[in-house]
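Following the hints, position chain B against chain A.
Number of protein chains: 2
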Amino acid sequence: MSALSSLAPLGDAASTVAAHVDAARLLRSIETLASFGARSDGGVDRPALSERDLDARRYLIDRATELGCTVTTDACANLFIRRPGSENLAPVMTGSHADTQPSGGRLDGCYGVLAGIECIAALNDAGVRTRRPLDVVVWTNEEGTRFQPGAMGSSAFVQPALMERYRTVSDANGVTLAEALDAHANAFPSLTARAEQTPGHAFIELHIEQGPQLELADLPLGIVSGIQGVRWYAVTCNGVAAHAGTTPMPARRDAMTLAIAVRAEIDAFAHTLGLADTRVTFGRWSVTPNSINTIASCVTFTVDFRHPDERVLAAFDQQIAQCAQRHGVALEALFSHAPVDFAPALLTRLSDAADALDAPTMKLTSGAFHDAMYLAQHCPTAMLFVPSRDGISHNPLEHTDDDYLVLGTRALAHCLTALCNDA
Amino acid sequence: MSALSSLAPLGDAASTVAAHVDAARLLRSIETLASFGARSDGGVDRPALSERDLDARRYLIDRATELGCTVTTDACANLFIRRPGSENLAPVMTGSHADTQPSGGRLDGCYGVLAGIECIAALNDAGVRTRRPLDVVVWTNEEGTRFQPGAMGSSAFVQPALMERYRTVSDANGVTLAEALDAHANAFPSLTARAEQTPGHAFIELHIEQGPQLELADLPLGIVSGIQGVRWYAVTCNGVAAHAGTTPMPARRDAMTLAIAVRAEIDAFAHTLGLADTRVTFGRWSVTPNSINTIASCVTFTVDFRHPDERVLAAFDQQIAQCAQRHGVALEALFSHAPVDFAPALLTRLSDAADALDAPTMKLTSGAFHDAMYLAQHCPTAMLFVPSRDGISHNPLEHTDDDYLVLGTRALAHCLTALCNDA
Numbered sequence: 509m510s511a512l513s514s515l516a517p518l519g520d521a522a523s524t525v526a527a528h529v530d531a532a533r534l535l536r537s538i539e540t541l542a543s544f545g546a547r548s549d550g551g552v553d554r555p556a557l558s559e560r561d562l563d564a565r566r567y568l569i570d571r572a573t574e575l576g577c578t579v580t581t582d583a584c585a586n587l588f589i590r591r592p593g594s595e596n597l598a599p600v601m602t603g604s605h606a607d608t609q610p611s612g613g614r615l616d617g618c619y620g621v622l623a624g625i626e627c628i629a630a631l632n633d634a635g636v637r638t639r640r641p642l643d644v645v646v647w648t649n650e651e652g653t654r655f656q657p658g659a660m661g662s663s664a665f666v667q668p669a670l671m672e673r674y675r676t677v678s679d680a681n682g683v684t685l686a687e688a689l690d691a692h693a694n695a696f697p698s699l700t701a702r703a704e705q706t707p708g709h710a711f712i713e714l715h716i717e718q719g720p721q722l723e724l725a726d727l728p729l730g731i732v733s734g735i736q737g738v739r740w741y742a743v744t745c746n747g748v749a750a751h752a753g754t755t756p757m758p759a760r761r762d763a764m765t766l767a768i769a770v771r772a773e774i775d776a777f778a779h780t781l782g783l784a785d786t787r788v789t790f791g792r793w794s795v796t797p798n799s800i801n802t803i804a805s806c807v808t809f810t811v812d813f814r815h816p817d818e819r820v821l822a823a824f825d826q827q828i829a830q831c832a833q834r835h836g837v838a839l840e841a842l843f844s845h846a847p848v849d850f851a852p853a854l855l856t857r858l859s860d861a862a863d864a865l866d867a868p869t870m871k872l873t874s875g876a877f878h879d880a881m882y883l884a885q886h887c888p889t890a891m892l893f894v895p896s897r898d899g900i901s902h903n904p905l906e907h908t909d910d911d912y913l914v915l916g917t918r919a920l921a922h923c924l925t926a927l928c929n930d931a
Numbered sequence: 509m510s511a512l513s514s515l516a517p518l519g520d521a522a523s524t525v526a527a528h529v530d531a532a533r534l535l536r537s538i539e540t541l542a543s544f545g546a547r548s549d550g551g552v553d554r555p556a557l558s559e560r561d562l563d564a565r566r567y568l569i570d571r572a573t574e575l576g577c578t579v580t581t582d583a584c585a586n587l588f589i590r591r592p593g594s595e596n597l598a599p600v601m602t603g604s605h606a607d608t609q610p611s612g613g614r615l616d617g618c619y620g621v622l623a624g625i626e627c628i629a630a631l632n633d634a635g636v637r638t639r640r641p642l643d644v645v646v647w648t649n650e651e652g653t654r655f656q657p658g659a660m661g662s663s664a665f666v667q668p669a670l671m672e673r674y675r676t677v678s679d680a681n682g683v684t685l686a687e688a689l690d691a692h693a694n695a696f697p698s699l700t701a702r703a704e705q706t707p708g709h710a711f712i713e714l715h716i717e718q719g720p721q722l723e724l725a726d727l728p729l730g731i732v733s734g735i736q737g738v739r740w741y742a743v744t745c746n747g748v749a750a751h752a753g754t755t756p757m758p759a760r761r762d763a764m765t766l767a768i769a770v771r772a773e774i775d776a777f778a779h780t781l782g783l784a785d786t787r788v789t790f791g792r793w794s795v796t797p798n799s800i801n802t803i804a805s806c807v808t809f810t811v812d813f814r815h816p817d818e819r820v821l822a823a824f825d826q827q828i829a830q831c832a833q834r835h836g837v838a839l840e841a842l843f844s845h846a847p848v849d850f851a852p853a854l855l856t857r858l859s860d861a862a863d864a865l866d867a868p869t870m871k872l873t874s875g876a877f878h879d880a881m882y883l884a885q886h887c888p889t890a891m892l893f894v895p896s897r898d899g900i901s902h903n904p905l906e907h908t909d910d911d912y913l914v915l916g917t918r919a920l921a922h923c924l925t926a927l928c929n930d931a
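From first to last, the protein sequence lines are chains A and B. Heads up: the first sequence runs through residues 509 to 931, numbered per this note's numbering. Heads up: the second sequence runs through residues 509 to 931, numbered per this note's numbering.
Any given hint might turn out to be false.
What the hints assert, rightly or not - Some chain A residues well away from chain B (every beta-carbon gap over 10 Å; in silico): (1) A546; (2) P592; (3) N681; (4) S698; (5) A832; (6) S901.
Stated by the list, open to error - One-sided and incomplete, this derived list gives chain A residues near chain B with beta-carbon spacing under 7 Å: (7) G719; (8) H751; (9) T755; (10) I768; (11) I800; (12) T802; (13) C806; (14) T810; (15) R819.
For the record, the hints were derived by calculation from the structure and aren't laboratory data. Cβ coordinates follow ideal geometry from the N, Cα and C atoms, glycine included.
Just chain A, with the same shape it has in the complex (with noise of 0.2 Å):
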């Protein structure tokens, strides 16, 4: 039995904090994040690493400081925002990413870290001192738009040895991580490393559904109890260019013909493997030579497959290489990633939380990755959700209830100060 399903009381402590979150320094906490790298249409354009995220940082350890809190960084830029425990015992984390995908929303990210620091806020309001510290982490480069792949901070803090390579990798400039590292160390000189080699006690990050089951269901919260597995595959279909007024229909070779007969196929068998939990996505095409009047020679599209059941994951790997080999195109493997069950102790733990504060709940499986997808590896993990409206997100429409904001923030708080005052 580990040290979370110790059924620790869940005191009084827990529901002071949880009485303590002030929604409206919340909610002026978000809109003032939001401000760096603002756009007109309500959206957030904030790259990792980027001057407006640099801003924004300057803003997150300013208000981390004024809370009395130190704050430390380490080889990926991620910001740890510590307030201390009275025992020398492994620290609790929250926390989520502060950076933005180009046209994205205010909250995606933004909110897991902002809550973090409320209930950092909350904690002092309410005058409780736990036994254990309180780490709300910035995990860099989350979405992954500026530096690919995406989720580099939480990865690299659980893989250090991933850096080296990390590191080399260029912006659409030429930018590399490791001289937007060096901007980020000259713009903060006073940040020192993170000291701590010992994993975390538990890792909570609170964070908008990004999709409509919560709205559909009418919930406020979601428990997740894990992350979709994922594959992505990047499918090649070459055909011949030729001259679309002069070339009869049988002599061609077009290549977006065929590019949407597998496209079809591999769709098909997605819904036979997994049945109604299937995710497929063609999301990326590129068409060459992409001209009016000129047969296609060669199209390129991409494959986004997920699913909760390894097994399913597995034969699909299985029917798209058979399916690329039947009709002659390249297939190239560009990222995956197995299924994430949580720590069940932890959703026990948020269950626990939202009844206190009598919120009604959903378990549901994350569709989306998140920096609690790399954490799982390090120590016990869960997710909580709120509502995304119409669940949209990566958009300027993003939007979430205040009410629901709130409710999310003081579960959080709930449940952060119960785990930081397990022995």
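Quick look at chain B alone, frame taken from chain A:
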């Protein structure tokens, strides 16, 4: 009965000039012209009015001058290489273009220009003086890859009012056609403006087929009875961008799924309407946001539909409009051109020339646009094709056997000489 059908005898002069076509000189000129903008793969990249095109034009003007011709130009920098006639009669015109696709071959357009110049050389060598002048024309920007639309030179020659709009068109670097025309004028300060105001007596364009029909029929010459009509459309399908991992399949509005369904429907009625003469191509695709893990919010694809029968084209217009309305997708008409029927009398004159050379021919319709499509509005016009190996064009692999290139030029010389001696 027009002057063209006056049964002018195909006298000795025409056969003599055809016999004076110098195969080595013709082939050498093709080599030389291909050197301006030569690609390492054997192809040519020579955008209209680029430095490379100016170099090519300098070579053509120098050759014309050596052959005793005058060279004039007009508002669109078309070059008119004139071999004078003995009487004050409307000129016989031939020629094509010297700009290429970005990864073009050495024959598309260039062959027609160089064959015309070879005809002048053969007329000179044969010591033949004709009644009418012969104009070999180099039409500006037929390909339309630097400045849109294509066939600028020939269309503006026929409709000079088009120049006002054409002059404002910019290339990918923001250079306007007006600026490019100024550069051309500065490069060739001694060129004077073409004085001719009367329509030509005839225009004959010799060209590679750019399709497989002559090769499939194993015939060296094609007499082109007309050019297919064409419709170009852009179809824009809107969906909702959403997360590939979190959005259940039934909740998706995937713009690509819609686009593929609409494309299938257009493809189906294009074939039902046009039967074996249908040419339909969906060549250009633009996907937004074109991201692996985001459902497409918008897909635009182009439709290129060609058919020799205007009634079929009109029915297609009607059906695609209904289809777009039914699916709620946006339809933009980008370009249209009615089928062109070439002058029957000129087809006979081309047949006569081929017969005189014992060259078997077939009649065919051009699937590609050519400058002749516009010249047909100006004066009696026809085209002559030589075979394209594997039907390939707009490609460095574009190839026609030397024997066919020479035979095509002899047939052109025969026909032009006869036409130049028309009363």
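Results of checking the hints against the structure:
1. Even its closest Cβ contact with chain B, about 20 Å, leaves A546 (chain A) beyond 10 Å, as expected for a residue assigned away from the interface.
2. Distance check on P592 (chain A): its Cβ is at least 36 Å (rounded) from any Cβ of chain B, clearing the 10 Å threshold; non-interface status holds.
3. Distance check on N681 (chain A): its Cβ is at least 19 Å (rounded) from any Cβ of chain B, clearing the 10 Å threshold; non-interface status holds.
4. With 10 Å as the threshold on Cβ separation, the claim that S698 (chain A) sits away from chain B holds: the shortest Cβ distance comes to roughly 37 Å.
5. Annotated as non-interface, A832 (chain A) keeps its C-beta farther than 10 Å from every C-beta of chain B; the closest such distance is 17 Å.
6. Not every CB of chain B is more than 10 Å from the CB of S901 (chain A) (nearest about 6 Å), against its label as outside the interface.
7. Because the smallest distance between the Cβ of G719 (chain A) and any Cβ of chain B comes to about 3 Å, under 7 Å, the interface hint for this residue holds.
8. Look at H751 (chain A): its Cβ gets to within about 5 Å of chain B, closer than 7 Å, so that hint holds up.
9. The restraint placing T755 (chain A) at the interface with chain B holds, with a minimum CB-CB distance near 6 Å, inside the 7 Å limit.
10. Because the beta carbon of I768 (chain A) sits about 6 Å from the nearest beta carbon in chain B, less than 7 Å, this interface hint is met.
11. For I800 (chain A), the interface hint holds, since its Cβ comes within 7 Å of a Cβ in chain B; the closest pair sits about 5 Å apart.
12. Using the Cβ-Cβ criterion of 7 Å, the hint placing T802 (chain A) at the interface with chain B is satisfied: the shortest such distance is roughly 6 Å.
13. Hint status for C806 (chain A): violated, given a least beta-carbon distance of 12 Å to chain B, over 7 Å.
14. Given the 7 Å rule on beta carbons, the hint for T810 (chain A) holds: about 5 Å separates it from the nearest Cβ of chain B.
15. Because the smallest distance between the Cβ of R819 (chain A) and any Cβ of chain B comes to about 19 Å, over 7 Å, the interface hint for this residue is violated.
Checked against the numbered hints given earlier, this structure breaks hints 6, 13 and 15; the rest are met.
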